[in-house]
Amino acid sequence: MSTPALAYSEKFEIGGRAFTSRLIIGTGKYRSFEEMKAAHRASGAEMVTVAVRRVPLDRSSESFLDHLDPSVAILPNTAGCYTAEEAIRTARLAREALGTDLIKLEVIGDQTTLFPDNEQTLEAARVLARDGFIVLPYFTDDLIMAKKLLDAGCPAVMPLAAPIGSGLGIQNPANLRIMREQLPDATIIVDAGVGTASDAAIAMELGADAVLMNTAIAEAQDSAKMAQAMKLAVEAGRLAYTAGRMPKRLYASASSPLSGVVQ
Amino acid sequence: MRSWPLRIQVNGERREVDEDISLPQLVAILNLKPEQVAIELNRQVVRRISWEKTVLRPDDKVEIVHFVGGGCNANC
Numbered sequence: 664m665s666t667p668a669l670a671y672s673e674k675f676e677i678g679g680r681a682f683t684s685r686l687i688i689g690t691g692k693y694r695s696f697e698e699m700k701a702a703h704r705a706s707g708a709e710m711v712t713v714a715v716r717r718v719p720l721d722r723s724s725e726s727f728l729d730h731l732d733p734s735v736a737i738l739p740n741t742a743g744c745y746t747a748e749e750a751i752r753t754a755r756l757a758r759e760a761l762g763t764d765l766i767k768l769e770v771i772g773d774q775t776t777l778f779p780d781n782e783q784t785l786e787a788a789r790v791l792a793r794d795g796f797i798v799l800p801y802f803t804d805d806l807i808m809a810k811k812l813l814d815a816g817c818p819a820v821m822p823l824a825a826p827i828g829s830g831l832g833i834q835n836p837a838n839l840r841i842m843r844e845q846l847p848d849a850t851i852i853v854d855a856g857v858g859t860a861s862d863a864a865i866a867m868e869l870g871a872d873a874v875l876m877n878t879a880i881a882e883a884q885d886s887a888k889m890a891q892a893m894k895l896a897v898e899a900g901r902l903a904y905t906a907g908r909m910p911k912r913l914y915a916s917a918s919s920p921l922s923g924v925v926q
Numbered sequence: 157m158r159s160w161p162l163r164i165q166v167n168g169e170r171r172e173v174d175e176d177i178s179l180p181q182l183v184a185i186l187n188l189k190p191e192q193v194a195i196e197l198n199r200q201v202v203r204r205i206s207w208e209k210t211v212l213r214p215d216d217k218v219e220i221v222h223f224v225g226g227g228c229n230a231n232c
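Protein chains in written order, with this note's numbering: chain A, 664 to 926; chain B, 157 to 232.
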């Protein structure tokens, strides 16, 4: 059995750092730190994303970072920001606190859908990329926007598959496929909307380089089990993509020889 | 020398601190672990190496942040 080696040997790179796992996961919504840690272990993820918030004053708060495996890369995010300016300030604070140039840029446009404000995102991406950040922007699954973000200096783009936390799965596979075909060299990370393992596999089969998710794992009844399912799905989807799928046909095509049938 | 209270804002809350306190002193007063926070003074990040020489002035607005669980939206 040598086939699975492909998924493992083929590295995925962000900001000069190579990763074996193509699954990036969040750290929110878990019922307990223990549950989060078990899910992180089961997922095999080598990068996790964390949010930046004001420290609570007048009450002690334990450090969230102490609950993360020290070997995983930390990807701070600007979740909760509604303007480019807020996102830029948050990114700079994150860099100062963690000493990393990585930033998952999120500028939200609306509270109900949590859809990104692409215009503000692009503006922030330009400023942050000039400022030396490795900007990974969350944006609407739109090819033109992806091009603009790459031109702005982002080393990867993170199109949504469906609204954040919705678990609806890949709502517009054509957009992701077009993005993959038109930007063959870009690093595309599907961010948000995955609900279960098959969604992650589909994202990877469409050619995504990686998938980022939070709620699908954290809100599963058994987070660790779902994390493992996601790990396998991402690997399976990547293998299927690199294997090159058969063409779809409307009619049957027999697998067995047509001659020599007992009559 | 008598210290006079200095009115500042920390994370949106009004605070009175002693005059001439520096950022490391403020962090200590608030019982925070310095290595786990980042500080913005009047909307500009203050590099850790500059904390010591940064002395608070009246009406300064200080933001002190840390990391929390999240991956997605504001309410994670």
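Calculated directly from the structure, the hints in this document are not laboratory data. Don't be surprised by glycine CBs; every beta carbon is placed ideally from N, CA and C. It is possible that part of the hints are untrue.
Using 27 angstroms as the maximum straight-line C-alpha spacing, the simulated BS3-like pairs for lysine-lysine come out as follows [unchecked claim]:
| id | chain 1 | residue 1 | chain 2 | residue 2 |
| --- | --- | --- | --- | --- |
| 1 | A | 692 | B | 189 |
| 2 | A | 810 | A | 692 |
| 3 | B | 189 | A | 700 |
| 4 | A | 894 | A | 692 |
| 5 | A | 888 | A | 674 |
| 6 | A | 894 | A | 674 |
Only some residues are given here: those of chain A computed to face chain B with a beta carbon under 8 angstroms [said to hold, decoys possible]:
| id | residue |
| --- | --- |
| 7 | 681 |
| 8 | 683 |
| 9 | 728 |
Results for each hint:
1. 692/A x 189/B: holds (24 angstroms)
2. 810/A x 692/A: violated (32 angstroms)
3. 189/B x 700/A: holds (23 angstroms)
4. 894/A x 692/A: Between residue 894/A and residue 692/A the Cα gap is close to 19 angstroms, so the pair holds against 27 angstroms.
5. 888/A x 674/A: Holds. Residue 888/A to residue 674/A sits at ~25 angstroms (cutoff 27 angstroms).
6. 894/A x 674/A: holds (15 angstroms)
7. 681: Violated, because the Cβ-Cβ distance from residue 681/A to chain B comes to roughly 22 angstroms (cut-off 8 angstroms).
8. 683: violated (20 angstroms)
9. 728: Interface hint status for residue 728/A: holds (6 angstroms vs cutoff 8 angstroms).
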